[in-house]
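Enquirer: As a plain string of letters, each chain reads:
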Amino acid sequence: MSTRLARGGRLIDRGAAQEFTFNGKRMKGFKGDTLAAALLANDQMLVGRSFKYHRPRGIVASGAEEPNALVNMGEGGRFEPNQRTTTTELFDGLTATSQNHWPSLEFDVGVVNNYAARFLPAGFYYKTFIHPRAAWKHLFEPIVRQSAGLGKVPKDRDADRYEQAYAFCDVLVAGGGVAGLQAALVAGRAGARVILLEQAPHWGGRAPVDGVEIDGKPAEAFVEAALAELSAMENVTLRTRCMAFGVYDHGYVLAEERVADHTPGDGRPKKRLWRIRAGRIVSATGAIERPLSFAGNDIPGVMLASAVRDYVVNWAVSPGDRTVVVTNNDDAYRTAIALKEAGLDVPAVIDARPNVTGDLPAKARALGIRIETGSAIVKVKGSKRVTGVAIGLQAGEGAAREEIACDAVAMSGGWSPVVHLWSHCGGKLVWDEAAAHFRPDAARPPITHDGSAMVIAAGAANGALPAGECLADADRAGAEAAQALGMKPKKAKAPEAAAPAEARMEPVWIMPQGAGPALRMKMWLDYQNDVKVSDVQLAAREGYTSVEHTKRYTTLGMATDQGKLSNINGLAVLADSLNAEIPQVGTTTFRPPYTPVTIGALAGESRGDIFQPLRRTPMHAWHEAQGAYFEPVGLWRRPYCYPRAGETHEQAVHREVTNTRERLGLLDASTLGKIIVKGPDAGRFLDMLYTNVMSSLPVGKCRYGLMCNEQGFLSDDGVVARIDEDTWLCHTTSGGADRIHAWMEDWLQCEWWDWKVYTANVTEQYAQVAVVGPNARKLLEKLGGMDVSREALPFMQWADGELGGFRCRVYRISFSGELSYEIAVPASEGMAFWKALNDAGAEFGAMPYGTECLHVMRAEKGFIMIGDETDGTVTPLDLCLDWAVSKKKADFLGKRGMQRTYLANPERWKLVGLETLDGSVIPDGAYAVAPGVNGNGQRNTEGRVTSTYYSPTLKRGIAMGLVRRGPERMGETVEFPKVGGGSVKARIVSPVFYDKDGEKQNV
Amino acid sequence: MKRYSVFAIAREALRYHQGWERAWKSPEPKKSYDAIIVGAGGHGLASAYYLGKNYGITNVAVIEKGWLGGGNTGRNTTIIRSNYLQDPSAAIYEKARALYETLSQDLNYNVMFSPRGLLMLAQTHHEVRGYLRTVHANNLQGVSTEWIGPGRVKELVPIINIDGPRYPVLGALYQARGGTARHDAVAWGYARACSAMGMDIIQQCEVTGVTQSNGVVTGLDTTRGHIGCKKLGIVVAGHSGQLAEMAGFRLPIEAVALQALVSEPIKPCMDVVVMANTVHGYMSQSDKGEMVIGGGTDGFNNYTQRGSFHHIEETLRALVETFPMISRLKMLRQWGGIVDMTGDRSPIISKTPLGNCFINCGWGTGGFKAIPGSGWAMAELMAKGEPGPLAAEFSMWRFKEGQFIDESVAAGVAH
Ligand SMILES: Cc1cc2nc3c(=O)[nH]c(=O)nc-3n(C[C@H](O)[C@H](O)[C@H](O)COP(=O)(O)OP(=O)(O)OC[C@H]3O[C@@H](n4cnc5c(N)ncnc54)[C@H](O)[C@@H]3O)c2cc1C
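The listed protein sequences derive, respectively, from chains A and L.
Reading the first sequence from the start, the letters are residues 0 to 1002 in numbering that gives the first Met the number 0.
Reading the second sequence from the start, the letters are residues 0 to 414 in numbering that gives the first Met the number 0.
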């Protein structure tokens, strides 16, 4: 059984007991435990089920590489699936449940897949479930979906919040083991601004566990001294619980900090996303031990040798009473020694190497540990827990010569540097023959903007595994990073580490060497996804020989541990099957994130009301108080209508239309885009931008203008006012202001950079109100302060002045066909002005109206609306706006586009009014049909409706639409089929339904 | 070709699966072929397949510089739909969707086409009108779509937040027979079928030049020597500009990065595919249980197959707002592909200025769904030398004439 040892445990605080539950069972642990350590201390080795075969799964590792020990954690708004127990800090009250089984962890019916495993090899689903056709969707797929998946689905809204922060530094060091600390010291001493990140809650990494001595003292002393020195440096920032998970172009690094993950509900954010821009990145991310591939290597109780050591030394937990160690290298002997020293039984070390000579084996032998050389585990016994191992010759085919009873197996297949951060942005790898691993190729680093190396690998992450080499390498890396940024590293002797000499490891990819197919079907490569040696061999046999094909066909390395344990072993098996060298086969691409990152942290604080910035007009609060129904327009929210008690939205809109036409309406038009264009070349510039001429507009006058893109399609419209000799004010649509401003700057900065023109988007500097209706002038006269008479301020002119004590600019323009003034006041006075208008207007029947009323009125008047009549494929000529397209100008944006054959084709659909024969409203989006079908069997069409409303003024349905040769076909009838049957017939008429001669607006 | 079936698996299981043959052969290139397709992505392989199947042309090679299906075909989020607005688009995407319905049986390879329904959310009144227009258009195009209200949306997608404070869901454009398929399986299934017809699929062979005589193509220079051909189909997505340059013409194509990501797998919680274009994000759940997520393209051109991370953040913000439960899931993997964008966001299936050289490209952010239809149309074009009705409107000269097939009209995102 696995249990807590009476003594030891460098990371736990025995004085601080913590209670938690696993599958409802109460358990105890200590502060400083990981959840995995605490589970083991409570003899809970079985923690989950695998993905495909639902095999029992135990804890394998002690860090981010753990493939099995994932749990559902927490409850309600703090529920979280797939939590990795090996990196989860224990806290009092933690609740966890195991995943992917039904009805229980111990008895899972899904395990039938295991008994059928032989019939479910890699890719079996591509070869089956083909017939009958409907069965995949209705029968097979639902079964596959149910049995796949891992954790449960969160049900409640996230109760936590997340933060995002920026940081800048010269040198970012990822990894707080001895290599990271040393690199940070060197860079810090050279004066670099350093950020040092460590994913665990403690510093020092492996060295203290492995009993390394540095400069004659235990590694812990070095760690302490280094931390003291680093903390004292003002230019160094230290951060634990913070994982650098991705390296992006130009030294951009993202890191996830676990802030309150282990103290839920204390008010702090659960996690914080760091966006770091670094001059150089030192990747000191260490190395990960590899499993060995022998039959039954997935049975709970089989663990990485280093993890077994970690549990014993760091947390005083023994994974088993009797642990067999199996290895191809010297390092694993450390585990045997640590176990023995903790008073535990190590029946044997099974070493695949025929000759075992190193210092560590010698020490183990001296402790009385039996060593079997040239040997292999042929098979592990047990199902939910290891009960023993059968051993035989590594060079053999699997004949067992002895069985050894044990309840744990510690395996080591050698070490692989963690090269993720090196590789994310294109750093290349070399195959190191002696250590049998890929390590960063210093000659082909990821490069930054100036072509220099952006990432520098250090220590074990660079393949420098022995402690001595590791520190020297880190010292170099720190200096290199500082130097690259023009700093001078201080001359100081690198610390020296003493460690026992290790003999060479020997690569072992299959154990035993000559194992037949029956054994290979029991050798796991990827524990979570259930990929076995036989699966990779099958992929190779079937021609899925590119590593990417193998990965995808077998799903090797695609589990939530991203193949940290399985990838190299899988590659080696593939290479062997193809008779190729491992480096020829190559690796799959390393993609961020290094380990999975909480989506909430990536979304940050942007949710709910502040999901996106909210733009409010100065009068927003008033609209809210009136109970306005809002609609989003870009980031703005505009009142759609102001429903009164008992009114539907539709009724409200009709009331607003009628009131405005008969009395007086007030519209908050502040969102309308307002861009100042100024300078000696401003007129020339606007003549290029607009299809009509703006340079000739006299000061004091307004002109309606159209803008096209280069293709000749209409993109925005609005009224332009000439303010003075070299200043124009361009109104844009509400949604278009930012886009048009960017468009102007694009041309000015990229094409016409020598023109003297300046633009400023002043949309938010003004509040603007449209005062509309027969009583409009009366209201303004009542307020008083300036002459707004027909003579003093005729249609399409503007004037500065004062109204009711407010400084304002008044435009005589109309988008409704009524007598109308649009009045701009400084934004700060918008609310007061709006209230004043409402108060003073009461006696004239003033009512606010919303965007929908605006739409109906403009449609009654036949005015086009960008986004309704246009959709990016419509030209001004299609909308019969020929009068606003200059024929004289030599050039303007869109002129050439409009001349192309297709755009000049007389058959194009053009703007008309549509009057339904029965007075009904044509459905939104309807198309007019023409006889017959096209070459693809689709019904021919000859037009479509672009705006369609019930007109409260005319008491009937009216519409605008684009119809083939429309203006030439006045009086003809076209037919609009309805979805679901039937159709509406409409007569082609002029689009101006209301006040055709403009008598109302021009009074 | 040995057929795949449950019985074949059972038979093989008894001998530890030692008897399976290669899914496709790995031949040396011949001196020349009747037709060569460059690019073993889905579109290239489908083009070859229908050349053989519909026109009996099987002396064909498909040439691939990397591993087949390794381009965007193997990187996309596998959404299949045909609810396009413009007639030519609706025709070819619907043809493709219909072919997907029986593709597993045609290829004897389970491509896992799963028509479990696709929703495009409307979150502004403007979007509502846009989708109503699409429904009307689809109705006349023979594409089955409908407009559904927010209540029905919630029924189909229980995890959705329909009344968020900023962009409440006003309804959705729903295509019940839209869905997803397994991307790798599509490439592998076509490759296996092509190989079975005697075609040569040549991987790890990069085309470096196009040879011609008197304005007619004669063959290709490759990293494995010169290979002759009577007809050439260029189907290389993001690298189309480069191949076109080798063939001596230019294309109105830009290459930009489009990214996607998946969460860790969880138990089934969403059957349908949901696209939310106002906030810019879409999501489905794979059979493995991963939430498959995508968003918009980068604003600048590049070839690195990596994109800017802020797009990932923007997409996730949108989706956390739309599906609050994903906040506590974790992002497992993130990647990018280089997509080939035309000015009107519609593809090119066209003759070229070089005789007997044809091009199929510009599928941009949304070409996975088109693979069978595109292959069908390309095969017709190559076999007959003239486009059939499916391809007719997608000529590369439409940009000169201004005859765009603008789909960005209907939706900002077109996956
Ligand atoms: C992140 C992402 C998400 C997407 N989501 C969707 C979606 O949900 N739905 C959808 O319908 N579409 C989607 N797409 C788009 C879709 O993936 C593509 O449109 C489609 O796969 C393109 O297929 P293809 O065969 O044209 O190109 P590819 O699959 O890219 O194939 C082109 C092939 O040509 C090869 N090649 C290039 N140059 C040469 C040369 N010189 N010599 C030889 N070979 C060469 C390449 O190696 C490659 O294999 C997405 C794309 C991305 C990147």
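If you are wondering where the hints come from, they were derived from the structure by calculation, not from laboratory data.
Check each hint, because a few of them may be wrong.
Here are the simulated PhoX-like pairs of lysine-lysine, each with C-alpha atoms no more than 25 Å apart in a straight line [what the hints assert, rightly or not]:
1. A:K154 with L:K94
2. L:K94 with A:K151
3. A:K492 with A:K216
4. A:K886 with L:K383
5. L:K266 with A:K136
6. L:K24 with L:K399
7. A:K677 with A:K888
No experiment lies behind these values; they were computed from the predicted model shown.
Enquirer: Against the 25 Å threshold, does the CA-CA distance of A:K492 and A:K216 hold or violate the hint?
Expert: OK: A:K492 and A:K216 at ~16 Å, within 25 Å.
Enquirer: Going straight from one Cα to the other, do A:K154 and L:K94 come out at no more than 25 Å?
Expert: Violated. A:K154 to L:K94 sits at ~39 Å, over the 25 Å cutoff.
Enquirer: Mind checking the alpha carbons of L:K94 and A:K151 for me, to see if they're no more than 25 Å apart?
Expert: Violated: L:K94 and A:K151 sit about 38 Å apart, past 25 Å.
Enquirer: Are the Cα positions of A:K677 and A:K888 separated by 25 Å at most?
Expert: Between A:K677 and A:K888 the Cα gap is close to 21 Å, so the pair holds against 25 Å.
Enquirer: Hint check: L:K24 vs L:K399, CA-CA at most 25 Å. Holds or violated?
Expert: violated, 42 Å
Enquirer: Tell me if the straight-line CA distance from L:K266 to A:K136 falls inside 25 Å.
Expert: holds, 17 Å
Enquirer: Mind checking the alpha carbons of A:K886 and L:K383 for me, to see if they're no more than 25 Å apart?
Expert: Answer violated: A:K886 to L:K383 is near 45 Å, above 25 Å.
Consistency with the previously given hints fails for numbers 1, 2, 4, 6, ordered from lowest to highest.
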